[in-house]
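Peer 1: Next come the chains, spelled out residue by residue.
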Amino acid sequence: MTTLQDHPVSGGQSLPQLPVARRDSLWRRFRRASPFALIYSAAILVFYTIIFIIPFGTGIWLAFQNWDFITTPKFVGLRNFGRAFTDQYFWWALQKTLLFSVVEIALGLSLALLFALALSQILGKWQNIYLSLYYLPVITPLVVSLYLWRWLYRPTGGAFNTLLSSVGLPEQPFLASPQQALWAITAVIIWAHLGTGIVLFLAGINDVPESLFEAARLDGAGFWQSFFKITMPLIRPVLVYQMVVSVIGTVQMFEAFFLIPGPGFSTRTLALYTYELGFRALNLGYGAAVSLIIFVMLLGATVFQLRRWQIQWEH
Amino acid sequence: MARTADTTRLHTPLSPFQRWIVSGKWTKTVVFLILAFFSFAMFYPFIWLLFSSFKTGADILSLPVTLLPKRWTLDAYLMVMDPTRANLPIAYVNSIIVTSGTVISVLITASMGGFIFARLEFPGRDYLFYFVLSTTMVPFLTLLIPLYIVMRELNLLNSLWGVWVPSMFSSFGIFLCRQFVYGIPRELYDAAKIDGSGDFGIYRNIILPLTKPILSALAIFVFLGAFNAYLWPLVILNEEKKLTLPLIIARMANRFGGTDYQAVMAGSVLVSIPPLIVFLIFQKNFVRGIALTGLKG
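Chains as they are written, first to last, in this note's numbering: chain A, 1 to 315; chain B, 1001 to 1297.
Please keep in mind that the hints were generated in silico from the structure rather than gathered at the bench.
Computed from a predicted structure; not experimentally measured.
Cβ atoms here follow ideal geometry from the backbone N, Cα and C, with glycine treated the same way.
Misleading hints may appear alongside valid ones.
Restraint-style ranges between C-beta atoms, simulated for each label pair [unchecked claim]:
#1 P1213/B with Q121/A: 21 to 31 angstroms
#2 L306/A with G1124/B: 49 to 59 angstroms
#3 P1213/B with I39/A: 18 to 28 angstroms
#4 A215/A with V1031/B: 14 to 24 angstroms
#5 N128/A with V1093/B: 27 to 37 angstroms
#6 L1067/B with A106/A: 29 to 39 angstroms
Work out the full structure, taking the sequences as your base and the hints as a guide.
Peer 2: Laid out in structure tokens, this is it:
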């Protein structure tokens, strides 16, 4: 018989002999599990095997082969990866990808933050109306936006050049120029993606308790001071999330460079290069190797960003 | 007496303009005007799109270019709607099939997965969940070439099945729903269990209705993703009758782009309508959905 004093919680001297819960065997746990869960798990496992495990494995295998869809694949060891390092086109593509991603993200996120900050000063109906307008390019199919902008960018008779010459500025070639094409496309993508950032940042800013701003105001903090000292730290998770997602998105951006390319190789990024290697040049092994390099780069970038953020977060 | 005179001068009522400046409300007005200007700038390309689609072929290429049509006409719309000249109507059907298939399958698999991974117990559950989550770390671009080879082996090339199959499950959707189901009191599940409901019954009668808010938010994202998808359909489909809307727009731009740009514009307007409708209908859920996803920190 256990008395109150024996009870471990009530401060008894000795612990009573509690029966240790015996771990069920794997088979019994399976039998006890609901069939619903097991059927679903089987389905999801089959799905990811077909859609993920097999392709990923094939991709890694392919990166060590030489294959053109027709002849039998030939093992070439690490030659595909070695080739990437000496391939001028690969380095150009990498350079274009980095230029595009860095500018798109830096400019795009800063603009989105500015817009969200301005929108947060306006409350009620108008905030929603502006938000919907800014979000319109996001919901428009990118293909539509791209051809629309190519139309506006036309060197002669395009809307932008008409606008430029009407205020006395020289007309620009935009997409027709190797120097301007990449930036012309970057502008389209910033325009097309701005709404996503604005909506997320605005949701973050609106979530900051008003009392914090009130307290800062009473302590004599100005608008920008409370922005950098209160808003920024509190919306940092959104900022980091948006940054990580944007890096993954911009590096994989394909349509823009495929549909409205600049002359020559001026806008051929890694995404387009992979596609052309795989489906135009039919150099599947090398294409798979390039796409694996992209995977490793993106993984590194993501881990780096999350790490960096974590360190600052702890401070 | 002098003191009274002083106070009256101090209390001279300010003009509305002075009051506006002193009260600091002018900053709001300036912000408002700047936002108005930029929202116009954001909207500007769409104005060109809309007006150009009502132009005639000669009008759209004439110089100097004008925003408004010289003569309003529906020719461009009639042209792209004519099955003998453009395959837009067929592409509409294809896009609706693929998009609705994707949305429905993702909503079902995500809500089921959310419930199962959050509440039911079976061996290896968490391993399976983390595996599903880890697949998002591999970019689609890396899987593009090998996935195409797999689809070729499965004989799914050049069919809408091939477009749909890889997007039946969404790891992001499962993750989202799992987070949401954790917020539903466990007691509801336990009570239904004691009442003798099976797990599928609980999912169908309790979890599914309760996860509606997150599902409608997820539906918009999945809809936009599937409807606007370009790269994967491009790789899978090549027969003209099988193409989805974004692919058809690209083909039209290449075919008519030199001479009949108004047709491309009209096609673009028609393609932009379904996402717009979905957005307008679900707008409230959408903003709420962003709050629910917890993405805002």
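Peer 1: Could you run down the list of hints and mark each one as holding or not?
Peer 2: Structure-based check of each hint:
1. P1213/B with Q121/A: 21 to 31 angstroms: holds, 29 angstroms
2. L306/A with G1124/B: 49 to 59 angstroms: With a Cβ separation near 27 angstroms, L306/A and G1124/B fall outside 49 to 59 angstroms, so the hint is violated.
3. P1213/B with I39/A: 18 to 28 angstroms: holds, 27 angstroms
4. A215/A with V1031/B: 14 to 24 angstroms: holds, 23 angstroms
5. N128/A with V1093/B: 27 to 37 angstroms: holds, 34 angstroms
6. L1067/B with A106/A: 29 to 39 angstroms: 33 angstroms Cβ-Cβ, so the 29 to 39 angstroms window holds.
Taken one by one, the earlier hints fail for this structure only at number 2.
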